[in-house]
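Model the placement of chains X and P on the given structure of chain W, informed by the hints.
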Amino acid sequence: MPFDPAMFDPSQIPLVEIVFWAMTVCTIGGALGVVTSRNLFHSALYLILSFFGVSGYYVLLNAGFLAVVQLFVYVGAIAVLVLFAIMFSRRMMAAGQSQANQQWWVAGPVVIVLFVMLLAVVGSISWPVTEAEPSGDVVNQLGLAFLGSYLIPFEVVGVLLSVALIGAIILAREKTAEE
Amino acid sequence: MNFFFDYIWLIPVYPLLAFAAIILFLNPSKKGSAGLAIAMIALSTVHAWAIVFNTIGAFMADAHHGIHIDGWSLPVEWIPTGFTVFNTGFAVDGFTAAMLFMVPFVCTLIFIYASEYMEGYEAEFGRYSRFFAYVSLFAAGMLMLVIADNLLLLFISWEIMGLCSYLLIGFWFEKTYPDADKVATPRNLIQVLQFWKYAGPDKIPPKLAALKAFMTTRIGDVMLFAGMMILWSVSGTLSFREIFAPDMLEHLTEITLWGIPVATLSALLIFGGAVGKSAQFPLHVWLPDAMEGPTPVSALIHAATMVSAGVYLVARMLPLFATMEHSPALQWVGIIGAITAVMGATIGVAQYDVKRVLAYSTISQLGYMMMALGLGGFVAGIFHLLTHSFFKALLFLGSGSIIHAMEHEIHAAHAHGHDDAHPHHDEHGHHDEHDHQASHPAHPDPQDMRNMGALRHKMMPSFIAYLCGTLALIGFPLTAGFWSKDEILAEAFLHRSEPLAFWIYIAGTVGAIFTAFYMGRQIGLVFFGRPRTSLAENAAEPGWRMTMPLIVLAFFALFIGFINIPEEVFGIHVPFGGWLHGFAGEVHLMAEEAAPGLNFAPGTFVPQVAITSSLLAIVSFFFGGWLYSRRRTAEELDPIQTIPVIGKPIFAILYNKYYFDEIYRGLLIYPTMALATFCAKFDYDWVINPIVNFFGRFTSLLADGSAAFDKYGVDGYFVNGIPNAFNWFGGQLRLLQTGRAQNYLLILVVGLLILIGIYLLLWTGGAAGVASLPTS
Amino acid sequence: MTTIPLSWWLTVSAALFSIGMYGALTRRNAIGILMGVELILNAVNINLVAFWRYIAPNDVAGQIFAIIVISVAAAEAAVGLAIVIAVYRRRHSAVVEELDILKN
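Protein chains in written order, with my numbering: chain W, 9 to 187; chain X, 605 to 1380; chain P, 14 to 117.
The following block holds chain W by itself, in its conformation from the complex (with noise of 0.2 Å):
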């Protein structure tokens, strides 16, 4: 159709939806890559995908802090991680074998189930949604949360690490001749 300038009203487009749907499309496109692909590697990288589209749903929701670490720690360290996992087992991973297993059959529909059982869930229940917009620094109120009220969870996520380090330092070292 003819593209007129002057018939352009920015505020008519409807943005939003648009990359709502760009994002859904990289989320759970990713998503299926992962689970279906053959390689591992692509798998990774189609997570690595899914994490981008997830962080566009969090600038979509008004949550941008949140947007922004979900990149830094799922995409640039989580991500990482796997890769790096999948490079130190790379001998067995060749491509080309089936990456579904013998149940696969009986886990697709189980899934199916459950993912409409949700629906159901979800439309049974008439949520109590307000019109009210977030106010305020969001970040500071996250600092001032973590903390003041939340700041037990935060230190024991903090020891939840240390201790996720630890294990996994000494889980994964190579094993040395005293052993």
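In short, the hints are calculated from the structure, not lab data.
In this text, a Cβ means the ideal position worked out from N, Cα and C, and glycines have one as well.
It is possible that part of the hints are untrue.
[Stated by the list, open to error] Pairwise CB distance ranges, derived in the manner of DEER restraints:
(1) X:G1335 x W:K183: 37 to 43 Å
(2) W:K183 x X:I1351: 32 to 38 Å
(3) P:H105 x X:Y1363: 30 to 36 Å
(4) P:A99 x W:V24: 53 to 59 Å
(5) X:Y1363 x W:E141: 45 to 51 Å
(6) X:L1365 x W:R181: 49 to 55 Å
(7) X:L1365 x W:K183: 40 to 46 Å
(8) X:G1335 x W:V24: 54 to 60 Å
Leaving out everything else, chains X and P in the frame of chain W:
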């Protein structure tokens, strides 16, 4: 004085305590048992005499000499039965007082006698203490009977005495008569009917005699109970006082059962009980065989007390009999009494056993008492009862002394023999059932009069006492027996225009003749002539404990008659004449208007009767004595048998007691046995057992089936199958344990789905939710 | 955001959850399973944030929760991968199907 009356119930309790004490504690001690029994019965005598004399005193002091109706009574509330309380109680009136005088006293004397008598048999049988327990129980029963004021208590005492009679007759239950088994017995119906050919043995063993006594008296007891039941159901009471109220008597006469007035019907049934207990025709057959018991038992139970209980019962219930002028009940009493009197006397003539003669004499004399009662003269009957008890007890104890004397030789041999042959003798009677006759060398029967002779030389005091008793029995003038028997005969004679009285007079006179004859026979055979066997030669007088009671009783036999002499004898007015009539006779005065059959008139002295009967008695007595004292040997024929042509048959009939036992065997026992055999066959062979066996086998079969079912079905399927199934399931379930985490996760998810599904179904609309999704 | 209803977000989250579950159930390789688990965690996070945004945007608790979930996911990924590497060293295989020592 009231103490004795308030505690009148103690009178039977003393000997009852003796019974209990001996059974429980004193059995090992012979002297202790005998001593306690004698002491207790003596205590009863004392207590009873206190009451008797008190009653007599009250009677004598009473201005209204003739209207002394109320005795004294002690009602006892016994059994509460819902709405009412069953009352029992004790009462004393003239009649009871007279009995209370005689019964415990005679019992005491007999107990003392028995304490020596039974010693002789201790070595052979043991159970000395038990004897005293039994007789104590019996005494308790008799005493309770006498003071009872209602029929139920009387019946209970009646039964207690019946039990003791059984126990005491069969006291020597190991004794057997092996000769008895050799008597021919009939095998089939034809033979049974020829009873004269198959006469039973002379003696039956004590075990069987006891059963015979119990069975026969049982028939009477059943009738008595039936009479009581009818009486109670119509009148609602069993108390004498209430039954004899004139209104009640009239009521009982009006109501009829099957056309017979209840009074008469129950009276006849009650008389049935008396027939059994007092050995009247036709239930007399047990008394002679009851002589198998020890002699003190015969004296006590079968002469003085138990058999007179039947007479007491009839006398006590006489108003019931006499509700009409010529009541059929009274007629029956008189008829049966007459038959019995003559029958007993005639049989006694042909008996050889010294105790059997006395037994038939007892039967005969009881018949006299029934005759008296049948004429409505209950005082006459009671009077004869009292005198008879004394002299018959005397005679029986005397016969016991005779037997004891005859056995002296045997016991002496016993003592020696036992020292050698039986070094350990168990005194508690644990003998095996060996034959107690065969263990000794055969000796002549010490009780058979043919083996006796000239015993008066050996036992003079006992002989004199025995003679006193005999004189009283035959009615020798001025003895007690004379007065009592004469009163009956005089009364009958006076009413001889009535058929019953006429025949009673005839029967009484005939009986008296025979009585005198057989007593003379007995005296002649036993005490006179010459000793016919070695037993008689070596006889010896028993000890003082046996002779003393004889002498005491002899005194009473002679003189007790004076309590009831007619008021005018030969024109002489006797100051205390007719005393018993006054004392005891008012007992039934209360019922006088409703019981016209009763005869309250005191005895009249009829010279013709007195003289005739005395002369006949004396002549018969001496004739019999002379005839039989001439006997030389033990085996010769009885003089009666020497009478040409009819002698032997007559003697045989009399000797065999008119074949009553054989007739009963044919009429009653044989059919009963046949019925029993039939029933047994029915049970064992034909019907019952086969059915039972069939059921048994069938059940067994079912059981087998059940077992199989259990083994294969239940065990196989359920008991084994369930574990097998579980094993299989487990095996299948185990397959889930793949060890693979993803499998587990899958299951987890499936579980999660189920939970979500439940949530959806229960809390929400479920499918509605899915449909609403895209549009929100 | 009135133009996108909450239910859309929840649908997306559900879809991502399901896909991640499929991956966790089905993938042969241990790392593949871990990737599925990460997807699940992300789906949860989307849920959390969506709820936060639409229901209580002024209460910062929703984001806090999401941050904590991310932290935990990171720790878990680290440890899980360390385990995979350790197992791989032992058996020279990361194929989960062969890890069935717990069988029966």
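Right, here's what the structure says about each hint:
{"no.": "1", "hint": "X:G1335 x W:K183: 37 to 43 Å", "result": "holds, 40 Å"}
{"no.": "2", "hint": "W:K183 x X:I1351: 32 to 38 Å", "result": "holds, 35 Å"}
{"no.": "3", "hint": "P:H105 x X:Y1363: 30 to 36 Å", "result": "violated, 45 Å"}
{"no.": "4", "hint": "P:A99 x W:V24: 53 to 59 Å", "result": "violated, 46 Å"}
{"no.": "5", "hint": "X:Y1363 x W:E141: 45 to 51 Å", "result": "violated, 33 Å"}
{"no.": "6", "hint": "X:L1365 x W:R181: 49 to 55 Å", "result": "holds, 51 Å"}
{"no.": "7", "hint": "X:L1365 x W:K183: 40 to 46 Å", "result": "violated, 54 Å"}
{"no.": "8", "hint": "X:G1335 x W:V24: 54 to 60 Å", "result": "holds, 58 Å"}
In this structure, the earlier hints numbered 3, 4, 5 and 7 are contradicted, and the remaining ones agree with it.
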